[in-house]
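*Asks:* Read off the chains here:
Protein chains: 2
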Amino acid sequence: MERRRRLALLAEARLTPLDAKTAVGLLRYRPESVVAVIDSTRAGLTAQACVGTGDAIPVVASLDAAAACGADTLVIGVAPQGGGLPDAWRPVVIDALTRGWDVIAGLHQFLADDPELASLAGARGAQLVDVRRPPGDRLIATRRAASVEALVTLTVGSDCNVGKMTAALELERVLRERGRRTAFVATGQTGILIADRGVPVDAVPSDFVAGLVEREVVAAAAGVEVVLVEGQGALHHPAYSGVTLGLLHGSCPRALVLCHHAGRTTIRGPGGRTTDSDPPIPPLAALVKAYEQAAAWVSPARTIGVALNTLGLDDEAARHAVAAAAADTGLPTCDPVRFGAGPLADALQAMLETRRTHATSS
Amino acid sequence: MERRRRLALLAEARLTPLDAKTAVGLLRYRPESVVAVIDSTRAGLTAQACVGTGDAIPVVASLDAAAACGADTLVIGVAPQGGGLPDAWRPVVIDALTRGWDVIAGLHQFLADDPELASLAGARGAQLVDVRRPPGDRLIATRRAASVEALVTLTVGSDCNVGKMTAALELERVLRERGRRTAFVATGQTGILIADRGVPVDAVPSDFVAGLVEREVVAAAAGVEVVLVEGQGALHHPAYSGVTLGLLHGSCPRALVLCHHAGRTTIRGPGGRTTDSDPPIPPLAALVKAYEQAAAWVSPARTIGVALNTLGLDDEAARHAVAAAAADTGLPTCDPVRFGAGPLADALQAMLETRRTHATSS
Numbered sequence: 001m002e003r004r005r006r007l008a009l010l011a012e013a014r015l016t017p018l019d020a021k022t023a024v025g026l027l028r029y030r031p032e033s034v035v036a037v038i039d040s041t042r043a044g045l046t047a048q049a050c051v052g053t054g055d056a057i058p059v060v061a062s063l064d065a066a067a068a069c070g071a072d073t074l075v076i077g078v079a080p081q082g083g084g085l086p087d088a089w090r091p092v093v094i095d096a097l098t099r100g101w102d103v104i105a106g107l108h109q110f111l112a113d114d115p116e117l118a119s120l121a122g123a124r125g126a127q128l129v130d131v132r133r134p135p136g137d138r139l140i141a142t143r144r145a146a147s148v149e150a151l152v153t154l155t156v157g158s159d160c161n162v163g164k165m166t167a168a169l170e171l172e173r174v175l176r177e178r179g180r181r182t183a184f185v186a187t188g189q190t191g192i193l194i195a196d197r198g199v200p201v202d203a204v205p206s207d208f209v210a211g212l213v214e215r216e217v218v219a220a221a222a223g224v225e226v227v228l229v230e231g232q233g234a235l236h237h238p239a240y241s242g243v244t245l246g247l248l249h250g251s252c253p254r255a256l257v258l259c260h261h262a263g264r265t266t267i268r269g270p271g272g273r274t275t276d277s278d279p280p281i282p283p284l285a286a287l288v289k290a291y292e293q294a295a296a297w298v299s300p301a302r303t304i305g306v307a308l309n310t311l312g313l314d315d316e317a318a319r320h321a322v323a324a325a326a327a328d329t330g331l332p333t334c335d336p337v338r339f340g341a342g343p344l345a346d347a348l349q350a351m352l353e354t355r356r357t358h359a360t361s362s
Numbered sequence: 001m002e003r004r005r006r007l008a009l010l011a012e013a014r015l016t017p018l019d020a021k022t023a024v025g026l027l028r029y030r031p032e033s034v035v036a037v038i039d040s041t042r043a044g045l046t047a048q049a050c051v052g053t054g055d056a057i058p059v060v061a062s063l064d065a066a067a068a069c070g071a072d073t074l075v076i077g078v079a080p081q082g083g084g085l086p087d088a089w090r091p092v093v094i095d096a097l098t099r100g101w102d103v104i105a106g107l108h109q110f111l112a113d114d115p116e117l118a119s120l121a122g123a124r125g126a127q128l129v130d131v132r133r134p135p136g137d138r139l140i141a142t143r144r145a146a147s148v149e150a151l152v153t154l155t156v157g158s159d160c161n162v163g164k165m166t167a168a169l170e171l172e173r174v175l176r177e178r179g180r181r182t183a184f185v186a187t188g189q190t191g192i193l194i195a196d197r198g199v200p201v202d203a204v205p206s207d208f209v210a211g212l213v214e215r216e217v218v219a220a221a222a223g224v225e226v227v228l229v230e231g232q233g234a235l236h237h238p239a240y241s242g243v244t245l246g247l248l249h250g251s252c253p254r255a256l257v258l259c260h261h262a263g264r265t266t267i268r269g270p271g272g273r274t275t276d277s278d279p280p281i282p283p284l285a286a287l288v289k290a291y292e293q294a295a296a297w298v299s300p301a302r303t304i305g306v307a308l309n310t311l312g313l314d315d316e317a318a319r320h321a322v323a324a325a326a327a328d329t330g331l332p333t334c335d336p337v338r339f340g341a342g343p344l345a346d347a348l349q350a351m352l353e354t355r356r357t358h359a360t361s362s
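These protein sequence lines map, in sequence, to chains A and B. The numbering used here puts the first sequence at residues 1 to 362. The numbering used here puts the second sequence at residues 1 to 362.
So that you can see chain A by itself, here it is in the shape it has in the complex:
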């Protein structure tokens, strides 16, 4: 995404921290590109008031209002399970294209393949950008990522939408502040919008998930000390576990960061709805074991810490939740957004040092 774009993020009636994942990611990591968020049910508020990030970026009711803020590009700000364009949003996309705005989406349903939208975009000189369109390369993974010198680190989780991308980006931020050379590998639509590159693994034909991730990790590893790979899905997720394992085996991480949303006890069904038949989330220690076992089928990995998303808790409850997760797992634990990713960065740096010592002594 070009840096000079002026983005309006469409999150109509859904501008909450868990619902508007793409909007929240851009507000947190690309705020300089965002001029407005569209949600008529929250118009007049700030982004900060709605989702806890984005400072004074205004929430507005309409494209007209976003235009008044200087917007020239519309971003679909949600990532619905199933990946279709919500029906109610189609007129908004048409309106944006009619204004000559580019429209960026991270949906499974590609806007540029929609004849009406494509024809309108053509007529108005607007671009339809589908960041989830997978590369066409048919690559077969061969554990090449296990041989890179950089410390490849993958965020893994107890469910979807628990903070895997955020944990990776916050960890990268702290490592950079400490002078470490790092690279971030985006694997989902929001991460790709933020990083301007990556591979939308969940849209890739399943045979090539690991191969495309491997290429991305090997390329990112050149000249850096740590590669942070954005995780996807969960090994215990009935729908997405295959995405998770392909990503795990394609990236061959040596370090894992386990991500969890404090208080969540079940894996959420389609659309993020909670039902009685949702599968339970195993204890964190069991998740650590499962991820390490699954990694070792191809290349061994060690969990270096837990990133606990404490959204919805007050500071004291959050501190208790962090302490409990640390006790359950015996691992450094933090909420990287609320309290900073320092403890995870410490653990990674210790691992870097250990490897250096080994390399020197051998």
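By construction, these hints were calculated from the structure, which means they are not laboratory data. Among the hints, a few may not be true.
Unchecked claim - Label-pair restraints from in silico Cβ distances:
1. B:Gly136 <-> A:Pro86: 15 to 25 Å
2. B:Gly179 <-> A:Thr275: 33 to 43 Å
3. A:Ala359 <-> B:Gly312: 40 to 50 Å
4. B:Ala88 <-> A:Arg176: 18 to 28 Å
5. B:Asp95 <-> A:Thr275: 48 to 58 Å
Unchecked claim - A few chain A residues facing chain B, derived, Cβ under 7 Å:
6. Gly83
7. Pro86
8. His108
9. Thr142
10. Pro205
11. Val209
12. Leu235
13. Val243
This structure is a prediction, so every number in the text was calculated from the model and none was measured. All C-beta atoms in this analysis are idealised placements derived from N, C-alpha and C, irrespective of residue type, glycine included.
With chain A held as given, fit chain B onto it using these hints.
*Replies:* Same frame as chain A, but now just chain B:
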């Protein structure tokens, strides 16, 4: 595939049991549809002499010779890793279309999307059939397959190309001979060609692998006692493990059959080549444990036996290999092709009986 087709199977220079997977599958399970196999390096031999199945179906050198056998359809008889059309085969496809023959392929590279081939097919009134083209539905799995009454059974393996489809089909054959009502769910190009339906899981966007498999299994389960699901890949395969796990969690089998090629010690690299860096295949007992652990992340499964592919061994060595695998795992073991799938069918029937007893007593 319509039953009245008269197939020529293209397997030029590759008509061996492991190389020409699609051709061998059709020769074994749809011989009535096959009139010739094309491999100029083996012309004059029979299919039986080359790959141990297909009886007197002739191996011929050219399309002309296949035409003389009455062929009206060309099938691409290999399933290369990466899934592209071998360059050398393009002229043969063009020749077939020029004759007005339909061409059926199970490649990742869709023939119908190739402008030259599509235009030629159109001009000649020929059809290009890509059985690996995934359905467009964006389905999210929710463990529905765990609730069907039928005993869902999935074949899993130590590597690609060890006999997972064959084990499922042979097991189905024996169960049917015993009067059991069964259904077969094809998940790969060869299985789909044989069964005339199925879902090519390795070509499906990774988010929807489990969801599409789930739909297929639930539909197949209606009115049968046992559903046999064709397995794909391997949990320990660096490239395809994600396909395997999506299939495992989408189909929610209660029973697993572990498939292995006797004597194979490493997972083969791209193109089936063996190199020094190929990952080792763990002991069979470790594989059983890994598959059961991975299944239990979503829905528990029990391994009911081992299908050992003894291709390349003589009968005595094969019997020894079967006995060794049985000793290693403590499970009923057989080579379903060489010795029949009876022991696996026995184990499944015992499981069916146990469930009936439980259902009656509860």
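*Asks:* Now tell me, hint by hint, if it's right for this structure.
*Replies:* Now the hints, each set against the structure:
1. B:Gly136 <-> A:Pro86: 15 to 25 Å: 18 Å, holds
2. B:Gly179 <-> A:Thr275: 33 to 43 Å: 39 Å, holds
3. A:Ala359 <-> B:Gly312: 40 to 50 Å: 43 Å, holds
4. B:Ala88 <-> A:Arg176: 18 to 28 Å: 50 Å, violated
5. B:Asp95 <-> A:Thr275: 48 to 58 Å: For Thr275 of chain A against Asp95 of chain B, whose Cβ atoms are near 56 Å apart, the range 48 to 58 Å holds.
6. Gly83: 6 Å, holds
7. Pro86: Because about 13 Å separates Pro86 of chain A from the closest Cβ in chain B, which is outside the 7 Å limit, the hint is violated.
8. His108: 5 Å, holds
9. Thr142: The hint holds - Thr142 of chain A has a Cβ within 7 Å of chain B, the shortest such distance being about 6 Å.
10. Pro205: Since the shortest Cβ distance to chain B is 5 Å, the answer is holds.
11. Val209: 5 Å, holds
12. Leu235: 6 Å, holds
13. Val243: Hint on Val243 of chain A: holds, closest Cβ of chain B at ~4 Å, below 7 Å.
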